[in-house]
Every structure is written in structure tokens, then in C-alpha cells.
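K.L.:
Sequence:
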Amino acid sequence: MELPNVQPSASGIYSATYLETSPLGSAFFRLIVRGCRAGRWGPDCTKECPGCLHGGVCHDQDGECVCPPGFTGTRCEQACREGRFGQSCQEQCPSTSGCRGLTFCLPDPYGCSCGSGWRGSQCQEACAPGHFGADCRLQCQCRNGGTCDRFSGCVCPSGWHGMHCEKSDRIPQILDVASEMEFNLETTPRINCAAAGNPFPVRGSMELRKPDGTVLLSTKAIVEPDRTTAEFEVPRLALGDSGLWECRVSTSGGQDSRRFRVNVKVPPVPLTAPRLLAKQSRQLVVSPLVSFSGDGPITSVRLHYRPQDSTMAWSAIVVDPSENVTLMNLRPKTGYSVRVQLSRPGEGGEGAWGPPTLMTTDCPGERRESPLRVPPWVTVLCTQGLSCLVPTPGAPCLSHWRLSHPVPRGEITVLYSPKDQLNSSDSQPPAPEPSLQPWLEGWHVEGPDRLRVSWSLPSVPGPLVGDGFLLRLWDGTRGQERRENVSSPQARTALLTGLTPGTPYQLDVRLYHCTLLGPASPPARVLLPPSGPPAPRHLRAQALSDSEIQLTWQRPEASVGPISKYIVEVQVAGGSGDPLWMDVDRPEETSTIVRGLNASTRYLFRVRASIQGPGDWSSVAEESTLGNGLQSEGPVQEVQAAEEGLDRQLILAVVGSVSATCLTILAALLTLVCIRRSCLHRRRTFTYQSGSGEETILQFSSGTLTLTRRPKPQPEPLSYPVLEWEDITFEDLIGEGNFGQVIRAMIKKDGLKMNAAIKMLKEYASENDHRDFAGELEVLCKLGHHPNIINLLGACENRGYLYIAIEYAPYGNLLDFLRKSRVLETDPAFAREHGTASTLSSRQLLRFASDAANGMQYLSEKQFIHRDLAARNVLVGENLASKIADFGLSRGEEVYVKKTMGRLPVRWMAIESLNYSVYTTKSDVWSFGVLLWEIVSLGGTPYCGMTCAELYEKLPQGYRMEQPRNCDDEVYELMRQCWRDRPYERPPFAQIALQLGRMLEARKAYVNMSLFENFTYAGIDATAEEA
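Note that the sequence shown covers residues 1 to 1027 in the UniProt record's numbering.
I should point out that these hints are in silico values taken from the structure, not numbers from a laboratory.
Take these hints with a grain of salt, some might be off.
Calculated cross-link-like contacts (lysine-lysine; reagent style PhoX-like; alpha-carbon spacing at most 20 Å) [as the list claims (entries may be wrong)]:
#, residue 1, residue 2
1, Lys748, Lys762
2, Lys565, Lys748
3, Lys220, Lys47
4, Lys862, Lys748
5, Lys565, Lys753
Keep in mind that this is a model prediction, so the values were computed, not measured.
Please model the entire structure based on the sequences and the hints provided.
P.N.:
Shown next as C-alpha cells:
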């Protein structure tokens, strides 16, 4: 009987019986219908099956061959010995007569059959002569003298092979290819394929085919007496490379191929941070057990830790994930950032680091000769799990209390036997009790369950005694208390999440030191509004300019009351920074314009409405700001007259410099009294020398910086974006120098909240410092916006002092960032295991240089001279973009002659700047060549081992820094072009940016970060860098 055009719906149990006979004599069978036609598989049945042999059936969903019992391999090409079966022929039939009488049922679409060599309804009959395989369905049809074996098929004589002994040994044959291989994602493995034949296969006769049809040619071949083994270098693997690969050999004797399966696995990445179980002054007990994404099995768990906000190298230990680990020899009262890294088998099996968590060691306690006795009851502060602390005034920090059962967070009363005693093991005096009382400044709702709280502390002389703040929320309706720990004593704000909408809370905050709690702030009552309205609909975004995007939306479909405002969230697409928010306070409006954005940047937007509290977010809208034409299509042709006249300008500049010096000496006595008098008014009025040598008076008013140049009768007001003092919330200290400091802050500008870096001078800063500081504001105002410079956000004048807000760069300066990447110094085992000298790739290093060149091109087009270009003055922002910074020495003239004394960055200065104190854009080009050397050398000190006096002598004689061993000739040639003696022969920044851009597009390793033989880093001399 034949069933035409069968469909999967026809699958099922069928019976066959003679007409007019009893159904008891019927035969039953099961019909299996594959989901695809013969030879095809996949969801749309377009993929080709591997060609299963010996009666194997191609699975219609995964394309693998389901092999009959007694055969194995990717294509069922290998026969097992008599009585054996399984994926690797590892199983054996229990009977002494082999697999006689046994029926094997395999996954559909194969069904059931006898073992190889047997047939019949009971699988009791041996195959007839000339037949073999499961159910004896296969015929041997052996040629060239081959004999038929009912279990394996044809047994070929010497000189022949193949299923029917039809292939001569002259025909090439693939040998020793594993049926299945496993590699990790984004690795570049090497796959070997061996073949034999007559004539002997050579390198060019073998190829490797990927599942998508891509053909790879062998990179080398190893010829042995009986075979040729070809080696294939596979490009970086992607998930789509999983599937059936094929090794193929072709000679004049014929062709052969063998398919095998490649599985691409994803290295595991932790989804959760490790947990703190207990802590002491010098120890942390950590549970590294985490959930993870990606593929297992996990072969190793590496715990990384280092002090928070430290530039120290990460320490790492390999731990057992099933056991807790104790981190020893830590610093007391120090926060540690702890992260977990997981690995799976194979090269490249190390996954990315998991999320960090902050763990803080306790304060040291006091060593006592006699045991420390406490009353038979004590109130303890339990922070997590089994770890409890004694907050008794005057008592040492006892962090080693362990309870028999976990307790909730908060204060509880513990009863113990009077004979119990506690000993403190640390030798330092007890921690002082904090005495300052915080004051709640305010709070505002940021979501249906989110509350932002801010507070202040009274100012007192001396250092602050405290480790952080404890916030307490009391829910009177449920009788529950919640505590939140803020571990930074500099913090003045905290975000509370997971609160209950529509619930009144009582809130207070107190300072703590070790386990000692200071006085609580006066309590405040906070009513969390009920759940907000539904999300606004149909959010649309449209770019208006290079810094403005218009948003439009429709009101929510249903609302529980009148909408009070809309809240807009702004986020850079792909960025890792915090989002920005702005309020639309007119609820009748359903559109707004977001200003102050970066040019040629893609942004993500969301909107939500607020009644008594914020509601749900709308769907995300994406839009890019318009371009600003900053990218050059080719080198910028310089004006020939400027190049020819540069030497003339140089001579005039030298003469002018000598004349100005003489005049300065003659006028010094006459102006001394005036200078001393002007110092008395420094708090409100500052004086500095401009680039032209004119003395300039700075006066501040709302939004203007007035530069009154004394030789000119008219003042020159310079507008700058105004920030209100109340819109600045200072957070952490980023950096500090002799006369200034930079503080991270949260500012509010144009309704948007954003991170910023606030630059300010100290009270005892000199007039020269005030000059450079005000000059930097002037430069920032005139420069405008560019993605590769640190841009001005605004400025604020408070009590006669100037505060400048600039973009916040989360990764710090480029010099420290490069030096931290020296993994051979920080983690030698990791470096040798991965064969790399840096955590940064060649492409990322070139990207740093390209970004800096784009920023300097913009400065030169604006006719500004930087004068202090170096890696220490380049910051690393979001997405690792480098940005030119520190414009305190910048000048807006084509040629600038320095007439004042001060510290000089000698190792970065051009020859004409060293000899004649003359600065041009071409001297910035020289400095860029040194910056490029710093990037390639991972933060080495230029001319390390040489004094400044030697540089003055040797540079005019033609001496230049040698080519780094890891540097490509093309990159070093660019450095040499920047270091040419004659300024007009140095390339313009437009040409440098174009050349580096082409290197990036070439995808060549211009900077070799591999650990080659005798690899050493460029030297670092911190004392020399100060000269």
C-alpha cells in the first residue's frame, strides 16, 4: 500500500487485516512522518542534511543523524563491533549471543529496529548472506574482492576502501576528524584535518567549509609518511558558526569530504555579586556562589578585590564556589570592591567580570589583658546574615559576633549566659563616638517606590569622625522599620527604593563610626504618593539641530486625577552613565525641546506623567542630533604664506621677547605697589596676564566674565552658562593639587540632572593660579562644543569665588588609565595565560590617539594653542572616548611668546618652545607626537633616564625617542613627522586625524600587545615627569 503526498498529520498507529477476518489477526504499525522532505531540515526545511549512512535518519529539527544501533559518527559512518552500540560504541548487549532478541527504540524520526545483524519480529533471525545492518535492510554489494559482514558491511581487501570497496586507495580519504568539536565564543581556534591518498594531498588541495558556505584555506600543512595534516586558522567565532562544518580534499585521484559538528559556547558571566557573610578589621568572609548566564560547566571561580577608589592592581584568588572564602590581611575601616569571574573549559573560556559589590572592613578594637565583659543583655546592630556588632559607646568594634540563626537587619536584643565573655583581638584604641547631628535638607519622589533624600552636617574644625550614615524609615501603618546604610561619610544624598506607594513614613538620619551611632536628625514625616498614572502614548523624537531634539507625545489613556507635570528621561544610546531627567511643569503641553545635547550623538528618551507621584514610563524613542561638520574629508591645505612667514614670525617673536623682558625689569619697581594693592581685593577681582602680555582685570556678574584690558578703553564681557549655587550638589573629591581641586558633583542645568566635575581654587591660590583658572574659563567659553574635548557645562560665582563645571570623565586621565592596563605588572599569571601585555587592544589604543587628534584639530581650527598636551591632560569619558582637557595654559593666538616664569612640561615641548618660549599649533603637533608615544608605550615616561639639560642639548642635534618594539613602522613614522625640526614641515592635525582614521579602518594590529620574547614595558620616572 502506498500513501501519496503524506503530511505530518498522517502520523499515528495503523492496523492491517484481511477482509472478513477477525481483528485479532491484524498487524499494527506506527507511521512516522518527518517534518521536512528527504535530505532537508530546519524550521523552514532549507538546510541540507549531512547524508546519513548505514540507514541513519536525518533529524528534521537539528539536522543530526540518528544512527541505527551498531553504528556511530556524525554520518553513522563507523561500525561498532558485534554486540556493541551507543554513541561511542561504549554499550554492550548483555546476552552471550550479542544483541539477538533485543529491539532498540531511538528518537523519532528513526523509530524502532533490531540491532545490527538481526531481523524478524522477535529479532531472532540472522541476516541472510549479502545483507547487514539493523533489520538486515542494507545490502553489501561488495566489489574488488570484498567480503560481507552482517554487522559492519563490506570488509575490503588491501588497496580498497568505501562502503562497497569501490574506492581505490589512490582516491584521497579524510582521516581522523572528530565528529564533534567545541569552542568558546569570539576565540580564533585552529582546526586540523588529515587526509591520505595517491597522489599525496598537499596544502592547497584541502579546504574547510563553514555552515554558511564560507571556504577557509589552510595556513600550513604537516606532511608525514602516511598522511598530510592541514591546519586552518578560524576567524573569531560567532554564535552563528555553530553547526555542521566540512573538511574536503581534492586531488587528481578524486575527492573526499567529512562533516563534523562545531558547537560555539558562551563563556559564563556572573549575574549577581558575591555576598558578605562576616567581617573583621582585617578580614572579610565572602560567599562567591553566584548565578550566571552563558554556558557551563564552571571550571574555576576567580575572586577579584581591591580597595575602593584605588589605583592599586586587583588582587585575585581562585576559590571553590561551594565554600566560603576569607580574604585576609586587609586594611581596617576600608571599603573593598569585590567581583567574581567565571571560567569554562577551553581557550577563551574566561567570562567577563561580574557586577561589583562594596564590602567594608571593621574598625580595629582594643587589646585587653582581661576579657571584655558586657551585661547579660545587649542591643546589637545586625547588618546582614549572622554578623552583628556591639554599638555600645566606648566599646571597641566587635565584628566577630556570630549568631546561631540568621537575623533580620536592624537592632535586636540578644540574651546570653553571664559566663560568656568577648575578647577583642585588635591592638588599636577604641573608636570615638560620632557627635555631629545631621539635618534633613529635603526629599523628593523619583518614582512610585523611590525617594531621594538629602541632608547636611554642621561644619566643625578638624577631620570628620564617621564612616557613613544610617537612614531609618518607620512605617507606622505596618509597624515596620527599614534601615539603609550609606557607606561614604562624604555623601549627602541617598536613593531609597522598594518603598510602598501611598504610605506615610517617619524618616531620620544619623552618622555612624564603626558600630557607634551618633545623634539622630530631627525626624521628618514623608508621605509617599499613591501609584502614578499610566504611561504617555506615541512618544516621538525629531532632531532640530546639532544640540536640540524635540519630543512629542500623547496623554495617557486613563488617569486617576489631573496630571501635575511630565518627567523626561534622556540617555546616551550605548552609554554606561546615569540618565538625565527634566520636568515639563505645564501639564497641558505634550511636547518639549531637549537642549544642550552633543552633536552627532544618538539618544534614548522616555516620558512619564506625574499626579501625586510619577507613573509608568512610556516606550523608548531614539533619535540622533544633527552633525556639525567636524569630520574632515581630507587633509586641510594650509596657507602657504603662513608657512613661509613662520620663520619671520619666529625672529620677530624672539626680538619682542628680549625687548619685553627689559621693559618688564624697568617697570617692576613702579608697579610693585599696585600689585600689592590689587592682592587685597583678590576675593572679588582677579588679575592675569593675557597671551598678548596685557594685564587683565576679571570681574564676575550674573552670567558674564568681564575682561577689562587696561590698554583698551572698552571692557570685553564674555558670557558663560550660569549655574545656580543651589543646583550644585557636591559629592566625592576626584583630585587635588597644591592650589586647586576637582570635585564630582550632581548639577541641574536646563531642567536636566547630570554628573559634572567642579573645578575650584583653594583660598591661598596665587595670582598666577587665578590667571590661568580664569583663562581656562575664557577658552572653554570660546571653544564651544566638540565630542573630543572636555566641554563647559557652566560656571557659578559664590562669595567671590569662581566654580567651573565641566563634563565628568568616569575613567580619569589617560596616563593613569594606560598604566593600569599593564597587566604583566598587575596580574602576571593572567598576562601569561592570555599572552597579552595589556587589557587594552591595539584598536582601542589607536582610538585614543584618533580621538585626541580630532580634538586637537578642532582646537587648531578655532585658532587655539594648548601648550600642555600630554596623556595626563587627556581624559577618558563614556565609551572610552578620549577628550582634550586642562585648558589653563591655552591661548587664542596664532603665535604666542611666553613672558612669565613657571613650571614647563619640558619632555613634551617642541624645540622652538624650549629655546625661544614660542608656541604655535605646530608646537602642539610636536606634543601630540609625544602623546602618541605615551599611548603606544602604555604610559611610559618620555626620554626616561635623561635630564632636562640633556634634552636641551640633544634635541637640536637631531636626537629623538627610539621606536617602541611593539610599534608598527607606520605609527612611528607619524611620530617622527610630528618631531621634525622645522615647524612648517610637521603635518597639520587634520592630516594626522585622517591618517589615524585610516589605520583604524584597516583593522591591522598597529600596536602589538602580544607577549613576545623579552618583552618589557617602557620605563616610568614620576620625578622626571614633574620637570
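K.L.:
Please go over all the hints and tell whether each is borne out by the structure.
P.N.:
Results of checking the hints against the structure:
Distance check on the hinted pair: lysine 748 and lysine 762 sit about 24 Å apart at the alpha-carbon level, beyond 20 Å; violated. Of the supplied pair hints, the one linking lysine 565 and lysine 748 holds, its CA atoms being roughly 18 Å apart against a limit of 20 Å. This hinted pair does not check out: lysine 220 and lysine 47 have alpha carbons roughly 31 Å apart, beyond 20 Å. Under the criterion of a C-alpha separation no larger than 20 Å, the hint pairing lysine 862 with lysine 748 is inconsistent with the structure, at around 29 Å.
Between lysine 565 and lysine 753 the alpha-carbon distance is near 17 Å, which keeps this suggested pair within the 20 Å criterion.
Comparing the model with each earlier hint shows violations of hints 1, 3, 4; every other hint is respected.
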